[in-house]
Structure formats: structure tokens, C-alpha cells
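From first to last, the protein sequence lines are chains W and F. Under this note's numbering, read the first sequence as residues 1 to 284, first letter to last. Under this note's numbering, read the second sequence as residues 1 to 464, first letter to last.
Because the hints were derived from the structure by calculation, they are not lab data. Just so you know, these numbers come straight off a predicted model, no measurement behind them. Beta carbons: idealized from backbone N, C-alpha and C, even for Gly. Among these hints, one or two may not hold up.
As the list claims (entries may be wrong) - Taking lysine to any residue and the SDA-like style, the derived pairs with C-alpha atoms no more than 25 Å apart in a straight line are:
1. W:Lys233 to F:Lys9
2. W:Lys257 to F:Lys265
3. F:Lys191 to W:Glu144
4. W:Lys233 to F:Cys408
5. W:Lys118 to W:Pro22
6. W:Lys257 to F:Lys9
7. F:Lys9 to F:Cys408
Said to hold, decoys possible - Now the stretches of chain W that chain F is said to cover, found in silico as 3 or more residues with beta-carbon under 8 Å:
8. 6 to 18
9. 85 to 98
10. 252 to 266
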Amino acid sequence: MHYIHSNDIIQPTLGKMVVDAPYVAEYRKPGQFIILRIDECGERMPLTISDADKTKGTITLFYQIVGTTTKKLAGMKAGERVKDIVGPLGHPTEVEKYGTVVCIGGGIGIAPLYPISKGMKEAGNKVINILGARAGNLFILEDEMSRIGDDNIVCTDDGSRGKKGFVTDMLRDVMAAEQVDLVVAIGPVPMMKAVSMQTKEKGIKTYVSLNSVMIDGTGMCGGCRVTVGGETKFTCVDGPEFDGHLVDFDNLGSRLKTYHVEEKESYTTYNHKCKLDGAVGDEC
Amino acid sequence: MNAKTPRQKMPEQRPEDRKRNFDEVPLGYTPEVAVVEAGRCLQCKKPLCVEGCPVSINIPGFIKEIAEKNFIGAIKVIKESSSLPAVCGRVCPQESQCEAKCILGKKFEPVAIGKLEGFVADYEREVEHLPAPVPGVKKDKKVAIIGSGPAGLTVAGELANAGYSVTVFEALHTPGGVLVYGIPEFRLPKKIVTYEIDALAALGVEFVINRIVGLSESLGDIMKRFDAAFVATGAGLPSFLNIPGEELQGVYSANEYLTRVNLMKAYKFPEYDTPVIRGNSMAVFGAGNVAMDSARTAVRLGCDEVHLIYRRSRDEMPARAEESHHAEEEGVIFDLLTNPVRLLGDENGRLCGVECVKMELGEPDDSGRRRPVEIKGSEFIIKIDAAIVAIGNGSNPILQKTAPDLKCNKWGNIIADETTMKTSVKGVFAGGDIVTGAATVIEAMGAGRKAAKGMIDYLESGSW
Ligand SMILES: Cc1cc2nc3c(=O)[nH]c(=O)nc-3n(C[C@H](O)[C@H](O)[C@H](O)COP(=O)(O)OP(=O)(O)OC[C@H]3O[C@@H](n4cnc5c(N)ncnc54)[C@H](O)[C@@H]3O)c2cc1C
Ligand code: SF4
Ligand code: FES
Numbered sequence: 001m002h003y004i005h006s007n008d009i010i011q012p013t014l015g016k017m018v019v020d021a022p023y024v025a026e027y028r029k030p031g032q033f034i035i036l037r038i039d040e041c042g043e044r045m046p047l048t049i050s051d052a053d054k055t056k057g058t059i060t061l062f063y064q065i066v067g068t069t070t071k072k073l074a075g076m077k078a079g080e081r082v083k084d085i086v087g088p089l090g091h092p093t094e095v096e097k098y099g100t101v102v103c104i105g106g107g108i109g110i111a112p113l114y115p116i117s118k119g120m121k122e123a124g125n126k127v128i129n130i131l132g133a134r135a136g137n138l139f140i141l142e143d144e145m146s147r148i149g150d151d152n153i154v155c156t157d158d159g160s161r162g163k164k165g166f167v168t169d170m171l172r173d174v175m176a177a178e179q180v181d182l183v184v185a186i187g188p189v190p191m192m193k194a195v196s197m198q199t200k201e202k203g204i205k206t207y208v209s210l211n212s213v214m215i216d217g218t219g220m221c222g223g224c225r226v227t228v229g230g231e232t233k234f235t236c237v238d239g240p241e242f243d244g245h246l247v248d249f250d251n252l253g254s255r256l257k258t259y260h261v262e263e264k265e266s267y268t269t270y271n272h273k274c275k276l277d278g279a280v281g282d283e284c
Numbered sequence: 001m002n003a004k005t006p007r008q009k010m011p012e013q014r015p016e017d018r019k020r021n022f023d024e025v026p027l028g029y030t031p032e033v034a035v036v037e038a039g040r041c042l043q044c045k046k047p048l049c050v051e052g053c054p055v056s057i058n059i060p061g062f063i064k065e066i067a068e069k070n071f072i073g074a075i076k077v078i079k080e081s082s083s084l085p086a087v088c089g090r091v092c093p094q095e096s097q098c099e100a101k102c103i104l105g106k107k108f109e110p111v112a113i114g115k116l117e118g119f120v121a122d123y124e125r126e127v128e129h130l131p132a133p134v135p136g137v138k139k140d141k142k143v144a145i146i147g148s149g150p151a152g153l154t155v156a157g158e159l160a161n162a163g164y165s166v167t168v169f170e171a172l173h174t175p176g177g178v179l180v181y182g183i184p185e186f187r188l189p190k191k192i193v194t195y196e197i198d199a200l201a202a203l204g205v206e207f208v209i210n211r212i213v214g215l216s217e218s219l220g221d222i223m224k225r226f227d228a229a230f231v232a233t234g235a236g237l238p239s240f241l242n243i244p245g246e247e248l249q250g251v252y253s254a255n256e257y258l259t260r261v262n263l264m265k266a267y268k269f270p271e272y273d274t275p276v277i278r279g280n281s282m283a284v285f286g287a288g289n290v291a292m293d294s295a296r297t298a299v300r301l302g303c304d305e306v307h308l309i310y311r312r313s314r315d316e317m318p319a320r321a322e323e324s325h326h327a328e329e330e331g332v333i334f335d336l337l338t339n340p341v342r343l344l345g346d347e348n349g350r351l352c353g354v355e356c357v358k359m360e361l362g363e364p365d366d367s368g369r370r371r372p373v374e375i376k377g378s379e380f381i382i383k384i385d386a387a388i389v390a391i392g393n394g395s396n397p398i399l400q401k402t403a404p405d406l407k408c409n410k411w412g413n414i415i416a417d418e419t420t421m422k423t424s425v426k427g428v429f430a431g432g433d434i435v436t437g438a439a440t441v442i443e444a445m446g447a448g449r450k451a452a453k454g455m456i457d458y459l460e461s462g463s464w
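Bound-form chain F, shown alone:
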């Protein structure tokens, strides 16, 4: 086998089938196919792919193990640098990270690094478990983790392994952060997240759910009971368009829409009690992963006509290529270079349409992208009965409000040292979206790993 072997296709549910269910779209590699795909890797001396990986996974190392059919060996290599491979294999933007750099991509197609990562992680979960890690010698120090998204879970795992007693505080009733309330089942089955959380619980991590730090107990109160804390509260403050009509019935933030469907399982209504509007025609504003997830969810809930409305062109769409491709296959209509100006309601205050204006690309703006400008007189109306605003998230201010010494930037993101993740408050570290603004799972996890190191150093030495 060699580089000329074509990149192995991932079998997928057909669009016409998957449009009506919430099951995962890719069906996964078989061991045989994974071995063939792994055989394509050149085992570069200076692997460029590793440079593209935010947590520097030893990519040729784990691929070699797969090629030799040692799947458990492969997962061990990955776990040296990443704690959530089953998640990252599915949701990382490999096409702009490791796979973008893979040398094979210059002439052929890059090795399917993400798919292989997902394959071995699934193998470990479903076929042959790694022996549970043996925690280090028990330490008499206590650590609090606030927020249970990928950043918080990573730190929890690392510190529990190192022997510290770890308590995770989570505002919602289920741990996992965006992995459970945001990213839909068809892209990230919830059983995967549950498996990771159960493993942490088995390690002795205590989860305190339904606890919002910063409301009754402040970060300061927490620090009276713990030796160190890691703040990973994420980017959970939805932005709205600020156009007329956003208060109408039927207008959702993507957070609300996805939380209803994912966390509260509104897709199983009325078996589950939480409702969600299943429109006949819906609009999603934005073109990132969150917008794609919302649009594809709407399709699955039976909406005949889902419009994705974005003011720039296809080239600027921030979503992963795979996600927009999947969305189009499922029939989502892309209304590009189109901007909503006004939402229209009926006499009962229910959304019934959106007035849009056509745009064209002008001069480049600060971000280097060509600025969209309105085409005068091009206004038109799309009839819709629900709308989802997916144009981004700011930082949730609850914790910071009662932690005046915790320094933040002008957008409300906590300021943390780039290598140790130390904040301005002694003993308090922070990482993930609350520091960077809305970013990615792997970056949140990477920040968690750095913080874990910083925290262990601090707890061992006592010096700040």
C-alpha cells in the first residue's frame, strides 16, 4: 500500500434517509478500511500534520499503530496528548489543521487523520477498553472546576489522574457544555460524551450539577474551600441581530433552539415535554458551524424549506467544509450575499416573514475579507414561520460579576497567561472559550492541558 491508494471514503447515511433521523451521519470505518487508510501515511521524518494540530498529537505514531492493526496501541499514543479523541475525531476542523498540512495533500488527498482518530477512539470505547488509568498517589489538595465543557473535563481528568480531589461545578443538569447542549446528536452522539464523563466519575471526580458559581456563592467563596480553581464557563451569551421584529414568537437564538432539541430532546416531543417550533419554512442567520447545526436540525424536524441567510459569499463562510457540504446535500437553501433587515409578524405577534436585501462584495475590510455592501432597491421577502439567529456568542458574565479582582478584556473574556493559564487571582486558572471567545473543542482542550500543568506546578510548589 502507498500514497497512490486513494483516500478511503467514509460510508455515510444517504441524505434522503438521514434527513429524517438524528442518527450519526458518517457510519465509521471498518477495521479493514482503517488499516488501508493508515497505510497511505508516509511516516514523514518531519511530520507537517503535527504542526497543524493544536495539541501536537503524534499523528504518524498513532497511524503507524493502526497500520499494524494495533488499535489499542494507537489510542494510547493519542491519549498522550488528547483526552477526548472520539469527540475531536468528529468535530475538529481537520481540513484547516492537521489534514491541511499533510504532505500527501500537495499531490493527492491528505490522510484522513480525523476519521482514523475517531475510528480508534470508537474501537476503544466499543470493542477493547483501555485499562482504567491508575490515579497517582492521593494528594490532600482540592481543586474546583467551574464549567464542564471540553476545557473543564480535560483539567478534571488530568488532575484526578495526578491524585488531586476534583469537584466540577456545572450550571446545567448534565455535564458536557456545548458538547451536550449545542452540537447535535447526528454529529456527536451523546453516548460518547456520557462515556467520557462516566470515566471521570469512575476516577473519583465529583460532579455538582445545577450549580451556578457567581450567583449565590462567588468565585471567592469557592476559593475558601479549594486550593485552586479552573474557570471554563465558555461563551454562552447569544448575540442577536438587533433588527426590528426579533421579539416575535418564533425567533430563536441558536443556543435556545439547539438546547431545546439537544439537551431537552425536543425532537422526541411529546414523549419529552420540551416543545420546539417545527416550521414549514425557516430561516437561519449566519454561516458558521452553529448555523449549519441549526439548519440541519430544522431539516430533521421536518421543515420543508430551510434558508441559510448569510451576508457574505460562500468563500467567507466560517463553517467546516464538511458541514456546509452535508447541509447542502440535505436540502438547506443557501441564500448568500443576503442580509436580513426586518422580521415581520402577524396580528398575533407570530413571525411570518423576513425582509432581506441583496449584497455585493466591496473593498476588503479590517479582517481582509471583502466587505458586503447593500444593493439598493433589492429588498425582498421570504415567508418563514421560525427563525434562528446564529451569528455568534459573547462571554457569559455571571461569574465575573461577583469576582471583581478577576481581570477581563473589553469583551468580558477572562485574561489568562498563555502558557500557564493563570489569571489575575492567585490560585485561579482559566481556559477555553471564556478566555479566547468562541473557538473550538480542540483549543479548549489544549488550554485545559496547559492549565492542568500550570495548576500542578502551582499546587506542588505553592508559588504563584
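With the rest of the complex left out, here is chain W:
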């Protein structure tokens, strides 16, 4: 069981949790993730590790409130406990000196990007952060990121904060202005796809971090499989980072929709149950 130190809803659809996980805090490296299960009835949900405190033995997680599991997570309070956390999982990011590294985060993708950006800076790179969101009130970790970057660009679809436009527009300007050696892009699938197409033309190496459907996280089930360069890879053990120029994003996007119907059913049942007993069932 993992004690929750804090759990704040920082935006209408975004939560931030600081929770005990000493083993994860001890060993985690940028780019890695955990799998969490709230309670006996919960599903196993992968979440990237945004930050960790070795001495306190805690990790920081951000989660988008989109379905039953994340809504349940949002309903948990400091002092309560999460049943299971396993990790750190996946390959760490290859943090080394590349030269100029552009770190692009879209929405909640900024959370996993944060330790990578920090690692890249510490490794002696020039770091340019590009952070994008639909609207100005949807940013996370903006201050933290701006302390890292040699340059920090913020943009929104509607222009309500920073520059108006997509992260791809910002990247185009950066690439026009200077030599870029590596791009790391984390965010919604269409964003990662668009960035990868852009950098492929210029031949700039690009890492993306994939959020496939997962269960075990050990390579046992194959549910997280993605097509990379025509080969089948398991996101949990071969990834989560892959060469963006080789990833079949359309297939990833499609597989992520596998349970759309079931997710709706689950969410309706959950909301109904909440209304009925004012709380979630006994066992779960």
C-alpha cells in the first residue's frame, strides 16, 4: 500500500499526486514510468514519473482525468492509500550530450518531459523547451521548465497564453534559426506524429514517448505492442521511447481506441454508483 501525501486537482481535468514509492524514487531515471492500481477492482494504469524525492521516498505523478480509473484517482485524498505501484518500468531516456536539444511537451506530456529536459540540461546540452496547450490555463510545470531551458517557448492554440499556434509552428521557427541536434516530443499522438514528420524532413533525430494500452508492463502480455520501423515492439520493455521517424502513429492511435465503448460503460456505471451510495462500493 502506498500512502498519498497530496492529491490536487490543479485543472478541471488534471490531477497531481505525490505518493510513497521508495523503491521507485530510489531507482527511477528520466523517461521511466510506473503502473498503478488503485484498489482491488482497479485496472493497471501506466503513468510517467514526473519527479521523485529519494530522501522522502515519494514520487510525483500527473494524470489526466478522462475515465473511471482517473476519476477514482482524482477522488482520493491525502492520507489514503493506493494499493499497488510497480516500477520504475521501461528504458530510461538516453541522456547524453547531443548539442542543442529541443524538448516539446503537449498538455500533460509536459509531466514526463520535465525530468528529461532537466537531465539533458545537466548533461551539458543547450535546451530549448517548447510547451503547448489548447488554452492558457492548461499548462503544468511551466515555472519549473522555464528554469531549465536556455530558451522557453510557450504557445496555445487560441493565443490565450504565449504565442498563438501549434508546437510545430514554434519548432519550425527554431529549426530555421539554429542547428538542432535532437528533438524529444511527448504529448498527444497527433502532435508527436506531426513533429516527427517535420523533423524527418530535416533529418533531425527525434524521440517520442508512447502511451500504449498496458497490463503487466513486463513484456508478458503483448497488449502494448506498436509497430516501429515495420517491426513489432512492446512499449513497456522496448520503449516507452522510440525513434519518432519509425513509429506507426496511426496504428497506435487506433489501438488506443480499442475500449472506447467499454470505457463509456464503465464511466456511466461508476457515476451511477457514486450517485447511489455517495461513495464507491465497499470492496473497491
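Keeping the supplied structure of chain W fixed, place chain F with the ligands upon it in accordance with the hints.
Frame of chain W, contents of chain F with the ligands only:
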């Protein structure tokens, strides 16, 4: 009573009932019936059945106790050689092991050894508990066990009994290995596995769940803290068909499908949060136990038409006879001598069909089985909305990746001595599916018993 008494039938849930539930199919012998069945045993001087048992259980010995209505005496005899009788009584392929050899089988039907084993184990669990074993004198040596399937659990029990302090590391959130994530509830109720694990915990075995050895901490790191280790990480790397369309929504490996349903309890969705596709028409590729378990699970989840697609003929099907029989009774359609060539998707990337080709048997191949060859022009399409690939498992490489000194064969299976289960690394033993490749529960348990002996020898003598 004598050999001419017919083999006692196991009462079972009727197919039309059990198709809609996840309760166990056989209902179990009553004590009266068990005594009658035990009375059929000839108490052979040279019992052939024992030769057929991978762990050489004293079969006539325990059957005699049952015949004399001493059920607790019977379980004691079994426990001398087997640590998980309630499990083995249910899932062992007795028809190709002990019961295949039973002398009665030559003229009549063999004694129902497996059913009797299950009966006494259930009796012990539900009616009259054996007194908890008293662990041996506490030893100041620590042992790590990596993986909590039947191999790991066996070693844990033996070493805890011998007085060692035992820690089991398990990657998943529940110990038990394939017994909890793979084999379905209707064949092996999970309460049986829980009972065994609780007994180990009561013996002082420490379970560290949610810990994958080889990712952050390597086997080498573990060996700094423990005096010996047993690696029993199983065969958990699903094989795929490598045909077009396998990336579509609705295509599962059997591991994923069964894990969703068994470990994550998707059959109770939406009460449990993990979903699984409940198709109207599904295909399962393969014909082993894993394929039968998948097909029978799909039936129970309400799928009207479940096709089991296998490229060879009925004679070559690797599943236990009882399992394929049960599957057919439950309405699973066997499409034999049929091979999938391509999975078809709709405009949303969702699986909607499978193109198959008919096969015929040609010349025998290396395995001695007649090789299936395609019949040209026989392609046809089955409409399906989900598919389960159950064609086997390789060895999971996570632990080996960060243990370079641990010698493996070309398939990634750890190489271990056949009698002591010693690996190439001092203090490290291995057994179960990670050594043999996907095999059986009883073989994993047998390897565990050998390893336990090897480990105790090593820990006592210090010599490798
Ligand atoms: C669906 C299905 C049906 C089957 N039916 C039968 C049957 O009817 N009869 C029969 O005899 N056999 C059957 N088998 C085979 C049998 O279950 C296996 O042979 C047996 O479980 C192997 O035992 P094991 O202890 O070697 O490994 P497993 O049971 O595979 O357990 C290995 C455990 O190790 C854990 N692990 C793996 N890597 C790590 C790591 N790095 N760190 C920590 N933990 C790790 C895994 O999570 C798992 O829990 C079936 C198998 C399946 C999949
Ligand atoms: S071979 Fe059959 S009859 Fe002989 S001891 Fe074994 S179970 Fe009894
Ligand atoms: S999550 Fe099961 S193999 Fe990756």
C-alpha cells in the same frame, strides 16, 4: 470392491449451465464415491502409475488410505512428494502420466488418480486441516526466490520448512504465476492458490509483490543481500503469428486475454475496471491448453461463435483430452486443418475477419508429426470481431538482460543442472518454465523440489 467396479464418474456442471458462469466444472467426488474409486486400485507391488508421475508420488500408498477412509493420512502421503496437490489434481495431464500407465487401463479404465488427489486435497483444505508444519531450527541464511509460480512456491515452502528465511519477489500484484493470471477460475478456483500462498506466508515466507528483478535491481544486486537465489520467472513472452493484421484492435495474445479476465477479473466488468472485448464471433489460434482456456473463457463471456483454428488435425492437438472434450461440449467450433493467413480490419482499424486456408497432412516432419500443407485455392473468410493468438510462449528476457554471467541456450532459457538445478552463477539455481520452456505445473513443481534439495546442500556445505 474390485477392478471390475466401473471408474467412478465425476459429477460436472451441465454444459448449458456452465457456459454462462466461471464456477468450476467438475463438482468433486463425495467421500463415499472416493472410497469406491480408491477400492478399485489393485495395490500393485510394482506400481506402474508411480513411474508415470514426474514427482513419483506414492500413488498406491495414498489411495490405500482413501480406501480405508483415512483422508488425512492420504494427504500426508501425497505431501511427501508434492506441495500443490489441489492444483495438480485439477490441472495435471494424468491421462498421459500416471493414469496412462495404470495397469487397470489395459483391460478396464485406469483408476481416477487425479480426481482422488484433488479430492483429498480439497478435504484437507475444507474439512480437516493438517496441523501446520513446524519449521526446522531457524537458520541464519537468506534465500531469494524470483517468480511465484508453482516452481517458486515449491522452493519457498521447502526452504521455509527447513528453517531458512525466504523472500519471494513477484512482478505482478498477486503471487501465483500462471496459476493466477493464466489458468481460468472454472478450471482452477483462485481460492485454492490463495490458500497455498497464505500457508506459505504463515510459515514466515515474505512476499515482495510488484517487484521485477532485472530492471532496477539486477540478479547480482539480489545476490549481495541473499545467500542463494532460485530463478523461476516462467515462460512469459507471447509468440504472435506474424501475419498481416495482427496490430488491429481486437487481436489479443492469449496471455493478454487471460490476464485481463483472470488476474484483472474483466469477467466482472464493469464492477471491476478492466475491460475485455466480448465478441459475437471470435477466433482462437492454436490447440493447446492455453487455446482451450481462451476459447472456453470466450464462451463464458457470451460469445456466440467461438472458432478454434488449428493447422493440424485432431490427433496432434496438444491440449489435454479432458479440456478439448469440455470445449466441444460447450460449443467451441473446431476448425481443424485450417491456417490463418491474414487478419482483416474495418475502416476504424478494428478486426472484422480472418482469411484462412485449408490444409492437408503431408509427410512427417522432424517432430514425427505429419506436416500440414496448404491446399491451393481453398482460402475462405470467417467473420470475427476478436481473435486470440495462443500459439506458445518464449522465455521472458528481463532478468537475463542484466545478468550477463547467467548462461542461457539459444532460445533464452536458463541452463541448469538436471539434478541440482544449479546455474552457471554461484549460489543461483533455476527451474520451471524458464529452464524447460513452456511445460507443466507438475514439472515446474518437480524442478522446485530438486532445486530445494540442491540449495539446502549448498547452503549447508558452502561448496558449489
Ligand atoms: C493458460 C495456461 C494454461 C495452462 N494449463 C496447464 C494445465 O492444464 N496443466 C499443466 O500442467 N500446465 C498448464 N500450463 C502450464 C503451467 O502453468 C506452467 O508450466 C507453470 O505455471 C510453470 O511454472 P513456473 O513456476 O515455471 O512459472 P510461472 O507460473 O510462469 O510463474 C512465473 C512467475 O514469475 C514472475 N516473474 C517473471 N519475471 C520476473 C522477474 N524478472 N521478477 C519477478 N518476477 C518475475 C511472473 O510474473 C510469474 O508470476 C498452462 C499455462 C497457461 C499459460
Ligand atoms: S497402477 Fe493403477 S492399480 Fe496399480 S497401484 Fe497404480 S493406480 Fe493402483
Ligand atoms: S504491457 Fe504487457 S507486454 Fe507490455
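**OP:** Hints the structure violates: just list their numbers, smallest first.
**Re:** Violated hints: 1, 3, 6, 7 and 8; rest satisfied.
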